[in-house]
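There are 2 protein chains.
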Amino acid sequence: MVEIVVAPNAGFCFGVKRAVKLAEEASVKNKEGRVFTLGPIIHNPQEVGRLKDLGVFPLDREENLSEGDTVIIRSHGIPPEREEALRSKGLNVIDATCPYVKAVHEAICDLVKEGYFIVLIGEKNHPEVIGSLGYLKKCGGRGIVVEKLEDLEEAFKHERVGVVSQTTQSERFFKEVVGELALWVKELKVINTICNATSVRQEDVYKIAPQVDVMIVIGGKNSGNTRRLFSIAKSLNPRSYHIETADELDPSWFEGVKKVGVTAGASTPDWIISQVTGRIREICEKACSYSSSQ
Amino acid sequence: MVEIVVAPNAGFCFGVKRAVKLAEEASVKNKEGRVFTLGPIIHNPQEVGRLKDLGVFPLDREENLSEGDTVIIRSHGIPPEREEALRSKGLNVIDATCPYVKAVHEAICDLVKEGYFIVLIGEKNHPEVIGSLGYLKKCGGRGIVVEKLEDLEEAFKHERVGVVSQTTQSERFFKEVVGELALWVKELKVINTICNATSVRQEDVYKIAPQVDVMIVIGGKNSGNTRRLFSIAKSLNPRSYHIETADELDPSWFEGVKKVGVTAGASTPDWIISQVTGRIREICEKACSYSSSQ
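Protein sequences appear in the order of chains D and G. Letter 286 of the first sequence, counting from 1, is numbered 286 in the working numbering, and no numbers are missing. Letter 128 of the second sequence, counting from 1, is numbered 128 in the working numbering, and no numbers are missing.
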């Protein structure tokens, strides 16, 4: 029998679970009206599909909204000026911004009030970062997004720098940036806004990937946190694969395999993880040489 | 001819130059009275000897002081309660504490006022650190000295941590500690109190040691910043030697040598550096095979 190790912290984080629940509730409450999410509620096409069946649709074009429609702000959050614009149109706005992301917004404004130049460690085009930058602007602050060490140069010109992080940032890069900054600027204040869910999910991969024959990472191909899980897995185990659904599992990956590790990004629902482990067992009943010979 | 590369930032730093100047002035003003320094004014027995000739003596036993004596607080600083005790004895106290060290004392008290638990990165038994801990106590704060990463554990129990550094701390360790702390605590405020003189002196060694045949580090054997320069040199060039004076130069070190690097710790006066480079030239005129054959 093939042994499958599922990472204890695979899948949905607190913020995503909450956003999906709010979307489900909205669909129940608004049977008559239309319910939209501002972009896919999570980086997972399958779960987005399931919500569509419940009547919750990712918004295509903002012009299509009309008074009385319900719009759900997803867990990433949005810039405050965009939220105000939606409310002023008479829409029913449901804020499913993750409380940990709200904490980033608050930390930014607190640091701005204290006079710091802001360094937001994160991906420049990530919706969460775009939302957070909106709060930086609203609070009248100045700052930059740091995606790679070279981006830091602008920050070195400032004497007092305040640091926050995208909630799904890698701990290693965060540590590197903070250490470097501390050497260059006179005063540094750091609010660690990395969400614990991300780090424990990453720690699982550091533990599991080196001790399995094949490592499977499940999650949207466009999900940043899943891609990071996959890059960690790949660096520790060359036989690592990134899939979105069980259908993508290729039997040839499992030849001669005894032990398989499975993890999943923050936006992967449990039912998809179960489908994947089920499919691996099916494949291995037929093809994994060790399991078939035992 | 042997080529000698003297590090541009070798020797006395601003704080030491200032303390020596204050000691010289005190010796002139107090021709009649006695002038003492609280411990050797710098980690350099030769310079201490020169000051003795001017009438400035390192204090042996505090009991030997009597009213009207002049005492000089050296650049490392002392705990405030000790300074008060000296003043209350009717002594003429001259404070030669380095202004950069005073900045550490102020940073500690500012951070304590803001409610931070203090991490002082430095050597537990260094006089500067002992002085700074005195200010931590006076300001009613709590904190620890971190000399190695394991010392940090106590700090992880606190949500809000303020960091300062011994002025002569290595930048690499400082960066490591700050990065690690940022991951563990909720809020971190760092005042970078590393003195630039130390870092530029260290950077010189990183540049020079790998490109010379022999690297000479001059400075007191009991001087922390010199020992660190030597350990950096040794890691980059196994033919590195730590000496206090030109007399310790061993001709056998220079056999077949074309290029010699020279640096010196913060407490080494220029006249000692000149003696060393002069002696190296002397040795190489006789013994360095390349120079004698060219």
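I should point out that these hints are in silico values taken from the structure, not numbers from a laboratory. Certain hints may be false.
Only pairs whose alpha carbons sit at most 30 Å apart, straight line, appear in this in silico DSSO-like list of lysine-lysine [to be verified]: (1) D:113 - D:157; (2) D:148 - G:52; (3) G:52 - D:186; (4) G:207 - G:186; (5) G:221 - D:137; (6) D:102 - G:221; (7) G:186 - G:52; (8) D:21 - D:113; (9) D:175 - G:207; (10) D:175 - G:221; (11) D:148 - G:207; (12) D:186 - G:186.
Verification of the supplied hints:
Of the pairs offered as hints, the one joining residue 113 of chain D and residue 157 of chain D holds, with about 19 Å between alpha carbons and a cut-off of 30 Å not exceeded. Between the alpha carbons of residue 148 of chain D and residue 52 of chain G the distance comes to roughly 55 Å, so the proposed pair goes past 30 Å and is violated. For the proposed pair residue 52 of chain G and residue 186 of chain D, the alpha carbon gap of about 39 Å is over 30 Å, so the pair is violated. For the suggested pair residue 207 of chain G and residue 186 of chain G, the alpha carbons sit about 38 Å apart, so the restraint of at most 30 Å is broken.
With a C-alpha separation of about 55 Å, the suggested pairing of residue 221 of chain G with residue 137 of chain D is violated against the 30 Å cut-off. Our distance criterion of 30 Å between C-alpha atoms is broken by residue 102 of chain D and residue 221 of chain G, whose separation comes to about 54 Å. For the proposed pair residue 186 of chain G and residue 52 of chain G, the alpha carbon gap of about 52 Å is over 30 Å, so the pair is violated. Taking the CA atoms of residue 21 of chain D and residue 113 of chain D, the gap is near 35 Å; set against the 30 Å cutoff, the hint is violated.
With a C-alpha separation of about 26 Å, the suggested pair residue 175 of chain D and residue 207 of chain G falls inside the 30 Å cut-off, and the hint holds. Under the criterion of a C-alpha separation no larger than 30 Å, the hint pairing residue 175 of chain D with residue 221 of chain G is inconsistent with the structure, at around 35 Å. Distance restraint check for residue 148 of chain D and residue 207 of chain G: the Cα-Cα separation of roughly 26 Å lies within the 30 Å cut-off, and the hinted pair is therefore satisfied. Taking the CA atoms of residue 186 of chain D and residue 186 of chain G, the gap is about 20 Å. The hint holds against a cut of 30 Å.
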